[in-house]
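> So the chains spell out like this:
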Amino acid sequence: MSLTDQTQSDQTQSDPTQAETEPAIRTTIGPHLLSVADLGADGIAEVLRVAEAFAEVERRSIPKVPTLRGKVVATLFFEESTRTRLSFETAAKRLSADVLSLAVASSSVKKGESLRDTVETIEAMGIDAVVLRHSSSGAPEQVARWVERAHVVNAGDGWHEHPTQALVDCFTVRQVLAEGAGVEPSSLGVSCFAGLRVLIVGDVRHSRVARSEVLAYSALGAEVILAGPSSLMPASLEGWPVTVADDLDGVLPSADVVSLLRLQAERGSGAFVPSLREYTAGWGLTQDRVGRLGQHAIVTHPGPMVRGVEIASDVADLPSVVVTRQVTNGVAVRMAVLFLLLGADSALEGLGSTRG
Amino acid sequence: MAERERSHTRPLGGRFVPTAQVLSAADVQRALVRMAHEVAEHNGGLEDVVLVGLQTGGVSLAFRIAEILNETEDDEVPVGTLDVAFYRDDIGLRPVLPEAATEIPVDLTGMIVVLVDDVLFTGRTVRAALNALSDFGRAKSVQLAVMVDRGHRELPIRPDYVGKNLPTRRDEMVDVSEDGVSIGMLVAK
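For the protein sequence lines, the chains are Z and D, in the order given. 24 is the number that my numbering gives to position 42 of the first sequence; each next residue is one higher, with no gaps. When you read off a place in the second sequence, starting at 1, and then add 1069, the result is the number in my numbering.
None of these hints come from the bench; they were simulated from the model. Cβ atoms here follow ideal geometry from the backbone N, Cα and C, with glycine treated the same way. Watch out, some of these pointers could steer you wrong.
[To be verified] Between beta-carbon pairs, the in silico distance windows are:
1) 1112(D) - 177(Z): 25 to 35 angstroms
2) 1200(D) - 89(Z): 51 to 61 angstroms
3) 41(Z) - 1094(D): 29 to 39 angstroms
4) 1102(D) - 51(Z): 51 to 61 angstroms
5) 1112(D) - 82(Z): 42 to 52 angstroms
6) 278(Z) - 1145(D): 55 to 65 angstroms
7) 23(Z) - 1203(D): 32 to 42 angstroms
8) 127(Z) - 1094(D): 52 to 62 angstroms
9) 1210(D) - 19(Z): 25 to 35 angstroms
10) 89(Z) - 1203(D): 57 to 67 angstroms
11) 1239(D) - 278(Z): 51 to 61 angstroms
12) 85(Z) - 1210(D): 43 to 53 angstroms
Next comes chain Z alone, as it looks inside the complex (with noise of 0.2 angstroms):
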């Protein structure tokens, strides 16, 4: 509160000499977010930056604030998902946002209705935000054509994206790090990426979150690494900001953060590897491969893990693992996401956003 009311959104501005340039609203989010690249950099950085405002909110007794009261989150899940379901809405509860938890196997997509069809169904409800997990590459982004007042959130879409894993990620990775340095989170901005080797290792062709964690720590400035067997690489990496690493063991000494992928049966990755044993033989975090990772190395894993493939079931509980963290972060990025995106709403439109 630093002048009057009248001036509470000077507190939209941390940087001063950036106000003088640029009008203040700093809200570089919305109306949608499908993808990590719609946001860039300094998107990223609000994002964690409010994620971090959020994340003491959780430490409290009563972890709920009435910041989104009156809007309501629909969660529309057309594949199976348990942390990334319950945690966007745990993120809209505790913002005091009514949840509405649309569960496909028992709505009338069963009986035939279009995707179309039911997204214009709920945004007649009067619904503020989608959450939209769904099989196709692309789905979010033809929703958010068909909205006209909604905001789409992506929760992953076929191979294509998982924007808010990634996004907890490098939360989760920047925590970690400001806990090694003794220094609160938030005053490390996003300065602490530049530079990061951050290693991806596993079933990337399959994976949304590869892409989306490619996308943002790139954009964050950290040098991002795949390992895999080529199988289970892109058909094309062209454009990628990544290099290729063709034996993990000779990349893990040098990495800053590893972050591991399941193998994703359900899309067929068991058919690109001869044998799961095979599969962790050559790509598993294993008990000897741990032994060559750097004493700071930090280990992300998206989960569900499945233990004893890609990471040893050892391993898997090793302090530098930082799973379950990842899953309480969750949380408080999504609050974020969810706060920036229908928080500044109708004040973006009364200044002529480009949101129509």
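Given the structure of chain Z, go ahead and fit chain D onto it with the hints provided.
Relative to the frame of chain Z, chain D by itself:
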């Protein structure tokens, strides 16, 4: 200093231009000393008293009041900070983003909370702060200390400790900084 510069910069690029200085830095210090003593007098000491500075302008004032109190009183007074961005009633009317940390060092149940802010204007920030406080426990009482009360209340809220009552026009701005208190206008660039 970033904080002060920020308070001079309006959302759409306007700039605070002071027209008159109302209180000097020394006046502000005297007002803080008086308010600190009033807090102790009113509550018969500092038992169960906790100061909570509102982000961002109230925080430094809260710490300064605590400093004064700790010199004169035996009890040490805890100081917290509170960002009310998530509790404002104008979310959606303008972009409201959390700027700074909320840190309440003690459970507020049964405590006497003294909210500290720099300027009291419409009262909406204080309303949001009251909401926010209730999430940290049921305080025995909540009091309000402000450096400047500039009028134009939109809610039934009044301060308990005031540095200076300052009649203003609605379109004027009041700035509280380490150099004192000035009144001014916002000028488009």
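> If any of the earlier hints don't hold here, list their numbers in rising order.
1, 2, 4, 6, 9 and 10
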